[in-house]
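Going down the list, the sequences are from chains Z and L.
The numbering of the first sequence is numbering that gives the first Met the number 0, which starts it at 0 and goes up by one.
The numbering of the second sequence is numbering that gives the first Met the number 0, which starts it at 0 and goes up by one.
Calculated from the structure, these hints are not laboratory results.
Keep in mind the model is a prediction, meaning the values are calculated, not measured.
Treat the hints with care, as some may be off.
As the list claims (entries may be wrong) - The list that follows gives simulated cross-link-like pairs (lysine-lysine, BS3-like), each with its CA atoms no further than 25 Å apart:
1) 7(Z) - 123(L)
2) 78(Z) - 201(L)
3) 201(L) - 75(Z)
4) 57(L) - 83(Z)
5) 130(L) - 21(Z)
6) 21(Z) - 10(L)
7) 182(L) - 94(L)
8) 79(Z) - 36(L)
9) 119(L) - 94(L)
10) 7(Z) - 11(L)
11) 40(L) - 6(L)
12) 56(L) - 10(L)
13) 119(L) - 7(Z)
14) 224(L) - 7(Z)
15) 7(Z) - 54(L)
16) 172(L) - 225(L)
17) 54(L) - 201(L)
18) 76(L) - 46(L)
19) 119(L) - 54(L)
20) 75(Z) - 1(L)
21) 56(L) - 225(L)
22) 94(L) - 6(L)
23) 201(L) - 76(L)
24) 7(Z) - 172(L)
25) 21(Z) - 225(L)
26) 7(Z) - 161(L)
27) 21(Z) - 123(L)
28) 79(Z) - 224(L)
29) 119(L) - 79(Z)
30) 119(L) - 78(Z)
31) 6(L) - 78(Z)
32) 79(Z) - 46(L)
33) 123(L) - 148(L)
34) 56(L) - 7(Z)
35) 54(L) - 36(L)
36) 40(L) - 7(Z)
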Amino acid sequence: MKNSFDEKILEEANDWLNANQKVVLATVIQTWGSSPRQVGSRMIVNETGDFSGSVSGGCVESAVVRECIGLIKDNKPCKKIEFKVSNESAWEVGLACGGEIAVYLEQIN
Amino acid sequence: MKHSQLKEIIKKKASKIEFAIVTNLENGLSEIYEPGKSLSKEFVIHKEQIDNFFKLKKNGVIENTEIFIETYIRPIKVIIVGAVHIAQYLVDFAKSLNFEISIIDPRGYFASEQRFPDMKIINKWPHEAFKEIETNENSALIALTHDPKIDDPALQHALIKKFYYIGALGSKKTHENRCQRLKDAGFNNNQINSIHGPIGIKLGGRSAPEIALSIIAQLISETYKK
C-alpha cells in the first residue's frame with residue numbers, strides 16, 4: 000500500500016507563491032539502482048536559493064538549487080536533469096549510494 | 000505548472016478526491032486527471048497507461064514516452080480508541096506522516112478539545128461512533144483504553160471489516176484475556192492472531208511519546224507490507 004507521506008510540500012509551495020516568491024518545483028521522476036528517495040519525492044526552491052523538501056539524501060540538493068535558480072533567471076518553464084554515481088576523487092555532485100536519478104524542474108507561475 | 004493548477008491540486012487533496020497529475024516532460028504541459036473523466040488532446044492517447052498507473056497507485060514515466068504520472072490517493076484512515084496521553088503523541092506523529100486520524104472515546108473528560116485542539120473526537124461508544132466513519136481493509140485501528148467495554152467492540156468491528164492493521168495496548172496477560180473474550184465471541188484464531196498485542200515494536204521505551212513512536216513504527220511497517 001502507498002501512503003502519501005510526502006505531499007505537504009505543495010501547500011508550502013502555495014504559501015511561498017502567495018508571498019510573491021518565485022518557485023521551482025523539483026520532482027524525482029525516475030530512479031535506477033539504489034537511490035535514496037522514491038519517484039514522486041519533491042523539493043521546492045525560490046529565487047534566493049531557499050529550499051524545502053528533498054530529492055535525495057542531501058547528495059544532490061545543492062546542484063538542484065543551482066539549476067532551479069538558473070531556470071528562474073533564464074525564465075524557462077521546465078528542465079530535466081540526471082544525476083549519476085559520484086566520482087569520489089573529485090569534489091563533484093553525485094549519488095554516493097551508486098544509484099541514478101532523474102529530476103524534473105518546473106516553474107510555477 | 001500554473002499557480003491556479005497548484006491551488007486546484009491542494010483543494011482536491013483537502014476534499015480527499017483521488018486524482019493524478021499528468022505532465023509532458025518535454026514541453027511542461029500538465030493536467031489533473033480523475034478516473035472516468037476525459038483527458039485533453041495532449042494526453043488522451045496515453046489514457047490506458049494512465050489508468051493503469053492509477054490502478055496500481057504508482058508514480059512514474061510511461062515507458063518510451065516523456066509523460067510523467069503522479070497519483071494522489073486518500074490518506075490512510077487510522078482510528079484511535081481512547082483519547083489518552085499516548086493518543087496525543089500519535090496525533091503529532093500522524094500530522095507529519097499524513098495519516099487521517101479519528102479518535103473515539105465515550106469518556107468526555109478524556110475527549111476534551113483542550114487536550115486535542117483541532118481534532119475531531121467522537122464522544123460516543125464504538126458501536127455508535129463507527130456509524131460515522133467509513134472504514135474498509137485500508138483502515139487501521141489502535142485500541143488504547145485496555146478497558147474491554149470500550150476496546151472490545153472496536154476490535155470486533157475492525158476484525159469484521161478486515162482492517163489491515165489492528166493493535167491493542169495492554170500487557171501479555173491483558174492480551175491473553177482479550178483473545179479469550181474474542182474467541183468466546185466467535186472469532187477464529189487467524190483473526191485473533193492478526194491483532195498486534197501487546198501493541199508496538201519492541202523499543203524498550205516506557206513514556207507516552209516512546210510508546211506512541213513504537214506504535215507508529217509498527218503501523219508504517221505494516222503499511223508497506225501490504
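Problem set entry | Hints not upheld, ascending by number | 1, 2, 3, 5, 7, 8, 16, 17, 18, 19, 24, 25, 26, 27, 28, 29, 30 and 36
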